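Okay, here's what each chain looks like letter by letter:
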Amino acid sequence: MTLPEGFEDLERFAAWALPTESERSEKRLSGRMEEISEFYAAMHAQMGAILQHLSRYDVNEMPEDAERLLYLTLSLAEIAPAVEWYDQPTVIDGFDRRRYRSAR
Amino acid sequence: MSDSQGEEWVRWDTKFPWLGKAPVSTHSYVSPDYYEKERLAVFGRMWLQVGRVEDVPNPGDYFVRELAVLDTSVLVVRGTDGVIRGFHNVCRHKANRVALSERGSCRALNCRFHGWTYGLDGRLISVPDEQGFWEPVKKGERGLKPVATDTWEGFVFVNVDPNPRETLREFLGEFAQCLEGYPFSKLSMYFKHQAEVNCNWKILVDAFQDGYHLRSQHRYSLADMFMGDPRKSFADIKFFKRHRFLSSNGNPAHKPTPTEMLAFVHGGYFSESVFPPGWMPAGVNPTRSQEWATDINVFFPNTFIQLIAPGWYFVYTIWPLAVDGSLWEARIYLAHPENAAQRFAREYIMITVRDSILEDLSTCENVQANLKSGAIDDFALHEGELLARHLLKVVEDCIQEEERR
Chain A
1 MTLPEGFEDL ERFAAWALPT ESERSEKRLS GRMEEISEFY AAMHAQMGAI
51 LQHLSRYDVN EMPEDAERLL YLTLSLAEIA PAVEWYDQPT VIDGFDRRRY
101 RSAR
Chain B
1 MSDSQGEEWV RWDTKFPWLG KAPVSTHSYV SPDYYEKERL AVFGRMWLQV
51 GRVEDVPNPG DYFVRELAVL DTSVLVVRGT DGVIRGFHNV CRHKANRVAL
101 SERGSCRALN CRFHGWTYGL DGRLISVPDE QGFWEPVKKG ERGLKPVATD
151 TWEGFVFVNV DPNPRETLRE FLGEFAQCLE GYPFSKLSMY FKHQAEVNCN
201 WKILVDAFQD GYHLRSQHRY SLADMFMGDP RKSFADIKFF KRHRFLSSNG
251 NPAHKPTPTE MLAFVHGGYF SESVFPPGWM PAGVNPTRSQ EWATDINVFF
301 PNTFIQLIAP GWYFVYTIWP LAVDGSLWEA RIYLAHPENA AQRFAREYIM
351 ITVRDSILED LSTCENVQAN LKSGAIDDFA LHEGELLARH LLKVVEDCIQ
401 EEERR
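The listed protein sequences derive, respectively, from chains A and B.
With our numbering, letter number 76 in the first sequence gets 76, and the count goes up by one each step, no holes.
With our numbering, letter number 74 in the second sequence gets 74, and the count goes up by one each step, no holes.
If you are wondering where the hints come from, they were derived from the structure by calculation, not from laboratory data.
Nothing here was measured: the structure is a model prediction, and the numbers come from that model.
Don't take each hint at face value.
[To be verified] Listed below are the simulated DSSO-like cross-link pairs for lysine-lysine, each with C-alpha atoms no more than 30 Å apart in a straight line:
#1 LYS139/B x LYS94/B
#2 LYS192/B x LYS27/A
#3 LYS255/B x LYS241/B
#4 LYS241/B x LYS393/B
#5 LYS27/A x LYS255/B
#6 LYS186/B x LYS238/B
Can you build the whole structure from these sequences, using the hints too?
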């Protein structure tokens with residue numbers, strides 16, 4: 001994977017650059033909290049710069065490297081409740097996410 | 001009465017004494033006999049919300065809605081004249097499904113079994129090898145069977161009663177005014193979520209009209225966004241015959257999480273371009289509360305249209321599958337994102353809504369499983385559960401009315 005110039009240190013989170021909610025959610029559910037928290041911290045440290053960089057593109061017509069960066073921000077949205085609400089990957093005492101069907 | 005700080009308050013349930021105050025029986029949530037009555041008296045008689053006009057933008061566009069509760073498949077299609085019509089998705093020759101996919105577009109409705117073809121208005125237009133029948137097929141009598149279909153504010157409703165007792169307009173009554181003028185058509189579907197949940201449909205409806213469970217059920221998630229008790233958090237409650245309305249305040253002291261803050265600052269929670277100042281119709285946030293957070297509009301029997309300050313609306317629909325099983329469907333509509341920050345903000349809100357709903361759905365299944373045990377046979381309802389009391393009353397009224405017919 002390559003990300004736009006200036007975001008090389010996020011390359012180690014390549015596995016989070018996933019295009020659909022289902023894939024991002026599956027990645028969260030099968031992840032360990034330590035790696036989720038590490039990704040969360042790294043993304044938050046750069047979100048201002050990331051959104052600034054991506055603001056130059058139409059959200060529907062991005063170059064591939066920018067699109068991958070966008071997917072990382074969507075993965076941040078996916079894991080935010082795991083870190084900020086539950087302190088675990090799954091919803092506490094929640095319904096199984098895998099029984100939930102998503103469609104765009 | 002007044003609380004410990006000396007603030008005046010009135011309990012909401014005391015404003016609606018006609019809903020009763022006694023504990024309610026759990027019978028209707030578990031009884032197969034009662035469920036059979038509901039199928040006919042409620043789902044077989046009422047107007048049911050099945051989609052949006054934007055789901056079928058052009059002539060020939062169609063979608064199919066499986067109404068398992070009525071063992072019925074409904075085909076909704078836009079005609080060449082622009083009119084949206086509903087039909088039983090049943091070929092008049094040998095009863096095959098005419099449309100096999102959930103949605104699509106076509107020039108005519110063609111049954112793949114023996115090739116009978118219907119116009120977009122349901123008329124039978126061609127029968128292959130017609131001379132092979134004893135008598136010529138009476139095409140005028142063998143069109144697709146219509147299902148009463150009408151639209152309101154861009155929402156498509158069907159009624160499977162061959163002779164509906166009310167028009168859609170009569171069915172909605174004054175409730176229609178709560179949402180009229182809302183710019184629904186400027187927002188488009190962003191996400192659809194579905195899940196089969198092992199509980200009675202009314203348990204699921206209650207989960208989303210319950211103002212009492214927030215502080216406990218959603219203690220990790222939403223609780224801080226709302227005020228504590230219903231006397232503070234409810235801005236308004238209204239009942240419109242079968243339908244109900246709840247306007248709710250947010251917590252002005254809410255502390256956003258870091259990601260929520262990011263979404264708010266960079267991503268525009270709100271869509272001012274779609275919702276200019278003064279956008280709000282009179283029926284939305286009717287008390288003009290400064291702390292307004294959301295309006296929950298509950299269309300009897302099974303549809304919620306929930307408005308979130310401005311630029312979002314959610315449609316929840318709950319379809320019974322059995323006395324103890326339901327299909328939950330959430331559709332999230334919003335102004336399409338123009339840039340990455342907005343896309344991120346929308347994703348964040350969608351994920352937090354999804355996770356909060358996951359908190360509710362597991363509880364719904366636990367409740368149903370416990371009701372089946374028969375260990376308890378009634379619920380003592382809090383004022384924050386007033387809407388649940390109304391739902392039970394309206395269902396019972398429908399059954400009584402059906403029995404009088």
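Hint by hint, here is what the structure shows:
For the hint pairing LYS139/B with LYS94/B, the CA-to-CA distance comes to about 15 Å; that is within 30 Å, so the pair holds. Only pairs whose Cα atoms come within 30 Å are accepted, and LYS192/B paired with LYS27/A is accepted, the gap being roughly 20 Å. For a cut-off of 30 Å, the pair hint linking LYS255/B to LYS241/B is broken: about 38 Å separates their Cα positions. Taking the CA atoms of LYS241/B and LYS393/B, the gap is near 10 Å; set against the 30 Å cutoff, the hint holds.
For the given pair, LYS27/A sits about 28 Å from LYS255/B by alpha-carbon distance, which is consistent with the 30 Å threshold. For the hint linking LYS186/B to LYS238/B, the alpha-carbon distance of about 27 Å falls within 30 Å, and the restraint holds.
Hint compliance for this structure: hint 3 alone is broken.
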